[in-house]
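Visitor: Chains as they are written, first to last, in the working numbering: chain A, 26 to 427; chain B, 3 to 252.
Do not take every clue at face value.
Using C-beta positions, here's what the derived DEER-type ranges look like [said to hold, decoys possible]: (1) 10(B) to 421(A): 40 to 46 Å; (2) 4(B) to 239(A): 26 to 32 Å; (3) 141(B) to 36(A): 53 to 59 Å; (4) 413(A) to 60(B): 41 to 47 Å.
Result set (DSS-like, lysine-lysine): computed pairs, CA atoms no more than 30 Å apart in a straight line [as the list claims (entries may be wrong)]: (5) 321(A) to 186(B); (6) 311(A) to 321(A); (7) 141(B) to 311(A); (8) 94(B) to 143(B); (9) 100(B) to 72(B); (10) 327(A) to 9(B); (11) 118(B) to 311(A); (12) 232(B) to 327(A); (13) 235(A) to 88(A); (14) 143(B) to 9(B); (15) 9(B) to 232(B); (16) 232(B) to 311(A); (17) 101(A) to 36(A); (18) 101(A) to 235(A); (19) 186(B) to 77(B); (20) 311(A) to 186(B); (21) 232(B) to 321(A); (22) 141(B) to 77(B); (23) 139(B) to 311(A); (24) 311(A) to 237(B); (25) 195(B) to 311(A); (26) 237(B) to 321(A); (27) 144(B) to 72(B); (28) 311(A) to 197(B).
Calculated directly from the structure, the hints in this document are not laboratory data.
Being a predicted model, the structure only gives us computed values, none of them experimental.
Backbone N, C-alpha and C define an ideal beta-carbon position, used for all residues, glycine too.
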Amino acid sequence: MKTNFKQLKEKLIESVLMLSGAATSITVVLIVFFLFIEGAGVFNRKPIDDGYLLVVNATNKVKTLQPSQVKDVFDKKITNWNQLGGENRPIVLFRTSDITEYYTEEELGANFEHFPEKINELIQKQPGIIAFFSDKYKSDKFSGKELDIDKVKVWEFLSGEEWFPTAQPIAQMGVKPLIYGTLWVSFGAILLALPIGLAAAIYLSEIAQKRTRSLLKPLIELLAGIPSVVYGFFGLVVIVPLIQEMFHLPVGETGLAGSVVLAIMALPTIITISEDAMRNTPRAMKEASLALGASKWQTIYKVVMPYSASGITAGAILGIGRAIGETMAVLMVTGNAAVIPNTLLAPVRTIPATIAAELGEAPNGGLHYEALFALGCILFLITFGINMLVELVTNRKAHKKQ
Amino acid sequence: MHKIESKNVNFFYGETQALHDISLSMKENTVTALIGPSGCGKSTYLRLLNRMNDLIDNTRMEGSILIDQKDIYQKNTNVDDLRKNVGMVFQKPNPFPKTIYENVAYGLRVNGVEDKNIIEERVITSIEQVALWDEVKDKLKKSAFELSGGQQQRLCIARALAIQPSVLLMDEPTSALDPISTSKVEELVHELKKKYTIVIVTHNMQQAARVSDNTAFFYMGKLIECDKTKTIFTKPAIQQTEDYITGRFG
Numbered sequence: 026m027k028t029n030f031k032q033l034k035e036k037l038i039e040s041v042l043m044l045s046g047a048a049t050s051i052t053v054v055l056i057v058f059f060l061f062i063e064g065a066g067v068f069n070r071k072p073i074d075d076g077y078l079l080v081v082n083a084t085n086k087v088k089t090l091q092p093s094q095v096k097d098v099f100d101k102k103i104t105n106w107n108q109l110g111g112e113n114r115p116i117v118l119f120r121t122s123d124i125t126e127y128y129t130e131e132e133l134g135a136n137f138e139h140f141p142e143k144i145n146e147l148i149q150k151q152p153g154i155i156a157f158f159s160d161k162y163k164s165d166k167f168s169g170k171e172l173d174i175d176k177v178k179v180w181e182f183l184s185g186e187e188w189f190p191t192a193q194p195i196a197q198m199g200v201k202p203l204i205y206g207t208l209w210v211s212f213g214a215i216l217l218a219l220p221i222g223l224a225a226a227i228y229l230s231e232i233a234q235k236r237t238r239s240l241l242k243p244l245i246e247l248l249a250g251i252p253s254v255v256y257g258f259f260g261l262v263v264i265v266p267l268i269q270e271m272f273h274l275p276v277g278e279t280g281l282a283g284s285v286v287l288a289i290m291a292l293p294t295i296i297t298i299s300e301d302a303m304r305n306t307p308r309a310m311k312e313a314s315l316a317l318g319a320s321k322w323q324t325i326y327k328v329v330m331p332y333s334a335s336g337i338t339a340g341a342i343l344g345i346g347r348a349i350g351e352t353m354a355v356l357m358v359t360g361n362a363a364v365i366p367n368t369l370l371a372p373v374r375t376i377p378a379t380i381a382a383e384l385g386e387a388p389n390g391g392l393h394y395e396a397l398f399a400l401g402c403i404l405f406l407i408t409f410g411i412n413m414l415v416e417l418v419t420n421r422k423a424h425k426k427q
Numbered sequence: 003m004h005k006i007e008s009k010n011v012n013f014f015y016g017e018t019q020a021l022h023d024i025s026l027s028m029k030e031n032t033v034t035a036l037i038g039p040s041g042c043g044k045s046t047y048l049r050l051l052n053r054m055n056d057l058i059d060n061t062r063m064e065g066s067i068l069i070d071q072k073d074i075y076q077k078n079t080n081v082d083d084l085r086k087n088v089g090m091v092f093q094k095p096n097p098f099p100k101t102i103y104e105n106v107a108y109g110l111r112v113n114g115v116e117d118k119n120i121i122e123e124r125v126i127t128s129i130e131q132v133a134l135w136d137e138v139k140d141k142l143k144k145s146a147f148e149l150s151g152g153q154q155q156r157l158c159i160a161r162a163l164a165i166q167p168s169v170l171l172m173d174e175p176t177s178a179l180d181p182i183s184t185s186k187v188e189e190l191v192h193e194l195k196k197k198y199t200i201v202i203v204t205h206n207m208q209q210a211a212r213v214s215d216n217t218a219f220f221y222m223g224k225l226i227e228c229d230k231t232k233t234i235f236t237k238p239a240i241q242q243t244e245d246y247i248t249g250r251f252g
């Protein structure tokens, strides 16, 4: 009887443990699945708002336009149809609000009830017109030609250089500036954090007295616990003005400011992981080096560092991982201009900052919304790659030690 | 004239006194064995001779140790130079995770030898000195970890010899080795005695009897007796020594 109860208890505990494990794994898989389903949706859409049309005169030879071409047309960078493969005819732009330039309010009717016919009439009259309006103004005897807009393509999404997801008539979904911004800021951060972090780790593990270390290490670990918004605040109040003054810039909110803040945030990761790796260097190794007349620094440089190289690499990569995914602090200090940066002293915008800033105003399930999810997928893939790299590096280390 | 001379050495780990008033001298080109039960201070004493105990926090040393008539605990002593002159072989073979060649060359490189020919010549002579040359000559570029434990230990001895010390400290160098490797290392000690002054810590009575000229018996941080090995093992002056050697305690 007693043994039965004991066995039952064992089984119960076992199943609870298994359930927790299963629940966690399923949650992770579901989140990733959800992310990719939502993100993939953007590639099944036209980058034009739902229910809106782009219409040309029926005699126009042009049948389809690329999103970037539409933008250039409406930005008046392209002014003649022959630039788009049509006849030599100047382009006439038409937006709904332009209707009053052609017709009086009386002609349109008090409730714009004549609006559809008038648009139809206008499109017939103007051979060079390109009209952007809602399909509720499409009349029954509509005689214009609807332009076919290409769906968002993966390659264009990745390589496009302009990010205006709410632009009309055509949303511009180029994430290149955002990817560049993310990598730029993270790269700058790691460039700053790695030498400092490594130096601090060497000091802590090899040079500092026991008491100093027991004081410093918790302090550094505390650094990892500060909420990122506090870092952002610190960056905004201290680092941004400092950079503005140092480099005589009109604004201090730059990629560099982001890099500095991220570097500070990545330091605890880099320091603790590389310090642990260095302290794992067998004492016998260090003593062997010192006993051969090597100085302390020679021993660090020739024995401790090579021995802990994979640990140091792992620390650096995890530091980068943290920097790439960081949202709040970066959002606050980088200026958020979605342009491809050519210097660290220009404002940049990162992927996480874009998602955080724009998701609130993107209509649920809309094009913009799905584009932000696609951005999330890209971010996920980058950090996933980084984690795989860490796994690879640490596995190689384990393999080497065997 | 003594090569190594220690006078009234006291040593403390924090508040604990590990060595009490040790005065011990070694002549040039002799082998001195330090014996005694675990924790008796023999390794601590050995590590004082190349100031290896400096690495341990919160330790204190009193008295003086002279090597070649120079006090090695003077403030102006260059510890790196001292360790270059006083080589050390550890309990467990501890080659670096480098090639066999680089292991032996390491001491030369950190001491500023850059001439490739000199390095190569010294590496080869050192490996020959420890009778390892025939076993490794074809795999000098391979990792030192591919060698057996006994080969690794001899490589570590070669590594210590490459920087041409005059004293060689050995801290239980055969405790991790099999009997055949042990006898090879012991033969080596015999051979090396001609050129070096050797101090060897050992738990193995037979080994002490086989390899050493003089034997010092430590007990509870004190030097109980030091004499010619033959005397110590046949008619020790103090009862405690005899008890230990005959296996009555320890």
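Visitor: Against the 30 Å threshold, does the CA-CA distance of residue 311(A) and residue 186(B) hold or violate the hint?
Guide: Answer holds: residue 311(A) to residue 186(B) is near 26 Å, not above 30 Å.
Visitor: Should the hint that residue 141(B) and residue 36(A) are 53 to 59 Å apart at their CB atoms be regarded as holding?
Guide: 56 Å, holds
Visitor: Is it true that the CA of residue 195(B) sits at most 30 Å from the CA of residue 311(A)?
Guide: 27 Å, holds
Visitor: Given the hinted pair residue 9(B) and residue 232(B), is their Cα-Cα distance within 30 Å?
Guide: Holds, because 24 Å separates the two Cα atoms, which is no more than 30 Å.
Visitor: Verify the proposed pairing of residue 101(A) with residue 235(A), using a straight-line Cα cut of 30 Å.
Guide: Violated, because 70 Å separates the two Cα atoms, which is more than 30 Å.
Visitor: Checking one constraint from the list: CA of residue 141(B) to CA of residue 77(B), max 30 Å. Satisfied?
Guide: Outside the cut-off at roughly 44 Å; violated.
Visitor: Check the hint pairing residue 235(A) with residue 88(A) against an upper bound of 30 Å on the C-alpha distance.
Guide: It is violated: about 76 Å lies between the C-alpha atoms, which goes past 30 Å.
Visitor: Is residue 311(A) within 30 Å of residue 197(B), Cα to Cα?
Guide: 27 Å, holds
Visitor: Is it true that the CA of residue 232(B) sits at most 30 Å from the CA of residue 327(A)?
Guide: Violated, at roughly 44 Å.
Visitor: Going straight from one Cα to the other, do residue 186(B) and residue 77(B) come out at no more than 30 Å?
Guide: 40 Å, violated
Visitor: Holds or violated: residue 237(B) and residue 321(A), Cα atoms, limit 30 Å.
Guide: 46 Å, violated
Visitor: Quickly compare the C-alpha distance for residue 232(B) and residue 311(A) to 30 Å and report which way the hint goes.
Guide: 37 Å, violated
Hints 1, 2, 5, 9, 10, 12, 13, 14, 16, 17, 18, 19, 21, 22, 24, 26 and 27, counting from the list given before, are not met by this structure.
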